[in-house]
Amino acid sequence: MTHHDLTTPITEAQARALRVDDTVTLQRTLYGIRDATQIAMFDRGRTTRFDLAGHAVIHTAPNVKKVAPSPQHPTGYAPVCIGTTTSARMERFTRPLMQHYGVRLVIGKGGLGAASLAAFGELGGAYLAIIGGTAALETTWIEAIEDVDLDDLNPESLWRFRIRDFGPLRVAMDSHGGSLYDAVDVKARDKRAAVLATLGVKSR
Amino acid sequence: MRIDPKTIENVSKELYIRALKILPPDVKRGFDTLAAKETSSTAQNVLGTMIKNISIAEATDNLLCQDTGIPIYNVTIGRGVQFGDGDGTALKAAIRKGCERATREHPLRSSIVHPLTRKNEHTSCGIGVPVIHIDHADAAEGVRVEMIPKGSGSENNSWLKMALPAEGVDAIKTFVVDCVLDAGGKTCPPTIIGVGIGGTADLCVHLAKIAATRALGTQCADPEGAKLETELSEAVNMLGVGPQGLGGDSTAFAVHVELAATHITMNPVAVNMQCHSARRASATITDAGVTYGF
Chain A
13 MTHHDLTTPI TEAQARALRV DDTVTLQRTL YGIRDATQIA MFDRGRTTRF
63 DLAGHAVIHT APNVKKVAPS PQHPTGYAPV CIGTTTSARM ERFTRPLMQH
113 YGVRLVIGKG GLGAASLAAF GELGGAYLAI IGGTAALETT WIEAIEDVDL
163 DDLNPESLWR FRIRDFGPLR VAMDSHGGSL YDAVDVKARD KRAAVLATLG
213 VKSR
Chain B
7 MRIDPKTIEN VSKELYIRAL KILPPDVKRG FDTLAAKETS STAQNVLGTM
57 IKNISIAEAT DNLLCQDTGI PIYNVTIGRG VQFGDGDGTA LKAAIRKGCE
107 RATREHPLRS SIVHPLTRKN EHTSCGIGVP VIHIDHADAA EGVRVEMIPK
157 GSGSENNSWL KMALPAEGVD AIKTFVVDCV LDAGGKTCPP TIIGVGIGGT
207 ADLCVHLAKI AATRALGTQC ADPEGAKLET ELSEAVNMLG VGPQGLGGDS
257 TAFAVHVELA ATHITMNPVA VNMQCHSARR ASATITDAGV TYGF
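Protein chains in written order, with our numbering: chain A, 13 to 216; chain B, 7 to 300.
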């Protein structure tokens, strides 16, 4: 178990150095992305002016407040509460995010599936688990909303956050075929028959 | 008594914001109980972060979770209550307005869209939303309003099985265990696992929701249902899914069961889960004023 302090954007080598159960703290820039954002980008031909190469994206749609634009709030949005949503719904977007935009890290909760794990292996990336439902804490790691694109999709816009000491996050899927979720799932399913037996049920 | 719809509106606004910020004491105790028994160091760490988040939300007056959920209002009306000069329609309109005001005035992320156009009105309202359930209680004085912002991570994992009578209670137990396995970390465990048993298909799912949003430490009123709660609560925590699906003993705070009579040909079972941010707030409105609680 190694701790990595990474300043984004990162290189392929940095992404491939991450192993399941390592921990990561991110610095500088983080992009927020969600279902509608990726449906627009990958199903409806929308593009973003942001350069996501080597960057980390987090599955989120934040609570924001409209304010007068200022150096602190250049977009006219102040963060209220920024958290993380369930990643599994966005499984099919991992590969295109990496292939077309060069994204290296996906941050979310609940994990991704086999297609994403394959993409991490082939293209060099990793999934970093954040603790879902701990948005009040997560918000304290975000310094500002620096920029926003595709804002007609608000709150599912493409957000650029300035972050500081974002983490620790846990590497839950890596570029070497490791997935903490798969490991836990296999073990849990192995226990199914025994657990049903305690309930007096003979499992089929 | 006569209740001014404006009072209902203000209470509905206040309840949405309170529910999003302050976790009920029974859920906080639930965390302590799980943490005291957890044997995995990863899971201890995850639970520790969740507990820390609860105090940060209170200290910074912020929302516990970014998901403002689907707003649900459960209203229980006591004897002889009237709303303004009107009836139940005034009540529903007032709740809706309160929900909309909370969203605009706090402000909160409106998580509600039209199901086909996906258009967001940025009011947390839409066709049939907020969900409003109205019930009457003979003994109660005044009105009780309970607000539940139901998170989507857990709601997206909801199941109904129309099992057969010949499959018996075994089908119900097996179904619950399999739902927990399928949910993995997607429901933001530790969860409250709500199990609805019996009724019609729609009632069965509704019972599962009532079970999932009931306070921890409460029991099913039916003794057979209560027995099943105890058995299933122990069983699901032997699976090792753990908080966030990262492994550990703390998969669920509890399994709650609600049941209704059913047809001789039917054996329906539904599962609805509540995430660890098991948020709810309530208010009681009487002649003496408004009292907030959970």
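Keep in mind that the hints were calculated from the coordinates and are not lab data.
Any given hint could turn out to be false.
[As the list claims (entries may be wrong)] BS3-like mimics (lysine-lysine), calculated; alpha carbons at most 30 Å apart, straight line: (1) A:K77 - B:K58; (2) A:K77 - B:K12; (3) B:K58 - B:K43; (4) B:K125 - B:K27; (5) B:K156 - B:K167; (6) A:K77 - B:K233; (7) B:K43 - A:K77; (8) B:K34 - B:K125; (9) B:K167 - B:K27; (10) A:K203 - B:K167; (11) B:K12 - B:K167; (12) B:K27 - B:K98; (13) B:K156 - B:K58; (14) B:K12 - A:K78; (15) B:K58 - A:K199; (16) B:K27 - A:K77; (17) B:K156 - B:K43; (18) A:K203 - B:K103; (19) A:K199 - B:K103; (20) B:K103 - B:K58; (21) A:K199 - B:K27; (22) B:K103 - A:K77; (23) B:K43 - A:K214; (24) A:K77 - B:K34; (25) B:K103 - A:K78; (26) A:K78 - B:K125; (27) B:K43 - A:K203; (28) A:K78 - B:K58; (29) A:K78 - B:K43; (30) B:K12 - A:K199; (31) B:K27 - B:K12; (32) A:K77 - B:K167; (33) B:K156 - B:K125; (34) A:K214 - B:K98; (35) A:K78 - B:K233; (36) B:K167 - A:K199; (37) A:K214 - B:K34; (38) B:K156 - B:K98.
Structure-based check of each hint:
1. A:K77 - B:K58: holds, 25 Å
2. A:K77 - B:K12: Answer holds: K77 of chain A to K12 of chain B is near 26 Å, not above 30 Å.
3. B:K58 - B:K43: holds, 18 Å
4. B:K125 - B:K27: holds, 27 Å
5. B:K156 - B:K167: holds, 22 Å
6. A:K77 - B:K233: Given that 30 Å is the threshold and the Cα spacing comes to 48 Å, the pair is violated.
7. B:K43 - A:K77: violated, 40 Å
8. B:K34 - B:K125: Violated, at roughly 36 Å.
9. B:K167 - B:K27: violated, 35 Å
10. A:K203 - B:K167: holds, 23 Å
11. B:K12 - B:K167: It is violated: about 42 Å lies between the C-alpha atoms, which goes past 30 Å.
12. B:K27 - B:K98: holds, 24 Å
13. B:K156 - B:K58: holds, 22 Å
14. B:K12 - A:K78: Between K12 of chain B and K78 of chain A the Cα gap is close to 27 Å, so the pair holds against 30 Å.
15. B:K58 - A:K199: Answer holds: K58 of chain B to K199 of chain A is near 29 Å, not above 30 Å.
16. B:K27 - A:K77: Within the cut-off at roughly 17 Å; holds.
17. B:K156 - B:K43: Answer holds: K156 of chain B to K43 of chain B is near 27 Å, not above 30 Å.
18. A:K203 - B:K103: violated, 49 Å
19. A:K199 - B:K103: Answer violated: K199 of chain A to K103 of chain B is near 48 Å, above 30 Å.
20. B:K103 - B:K58: violated, 33 Å
21. A:K199 - B:K27: violated, 36 Å
22. B:K103 - A:K77: Holds - the C-alpha atoms of K77 of chain A and K103 of chain B are around 20 Å apart, at most 30 Å.
23. B:K43 - A:K214: The hint holds at about 28 Å.
24. A:K77 - B:K34: Holds: K77 of chain A and K34 of chain B sit about 29 Å apart, inside 30 Å.
25. B:K103 - A:K78: With a Cα-Cα distance of about 21 Å, the restraint between K103 of chain B and K78 of chain A holds, given a limit of 30 Å.
26. A:K78 - B:K125: holds, 20 Å
27. B:K43 - A:K203: holds, 20 Å
28. A:K78 - B:K58: holds, 28 Å
29. A:K78 - B:K43: Given pair K78 of chain A, K43 of chain B is violated - Cα atoms ~44 Å apart, limit 30 Å.
30. B:K12 - A:K199: violated, 54 Å
31. B:K27 - B:K12: holds, 23 Å
32. A:K77 - B:K167: Given that 30 Å is the threshold and the Cα spacing comes to 42 Å, the pair is violated.
33. B:K156 - B:K125: Holds. K156 of chain B to K125 of chain B sits at ~20 Å (cutoff 30 Å).
34. A:K214 - B:K98: violated, 49 Å
35. A:K78 - B:K233: With a Cα-Cα distance of about 51 Å, the restraint between K78 of chain A and K233 of chain B is violated, given a limit of 30 Å.
36. B:K167 - A:K199: Answer holds: K167 of chain B to K199 of chain A is near 25 Å, not above 30 Å.
37. A:K214 - B:K34: violated, 36 Å
38. B:K156 - B:K98: holds, 19 Å
Consistency with the previously given hints fails for numbers 6, 7, 8, 9, 11, 18, 19, 20, 21, 29, 30, 32, 34, 35, 37, ordered from lowest to highest.
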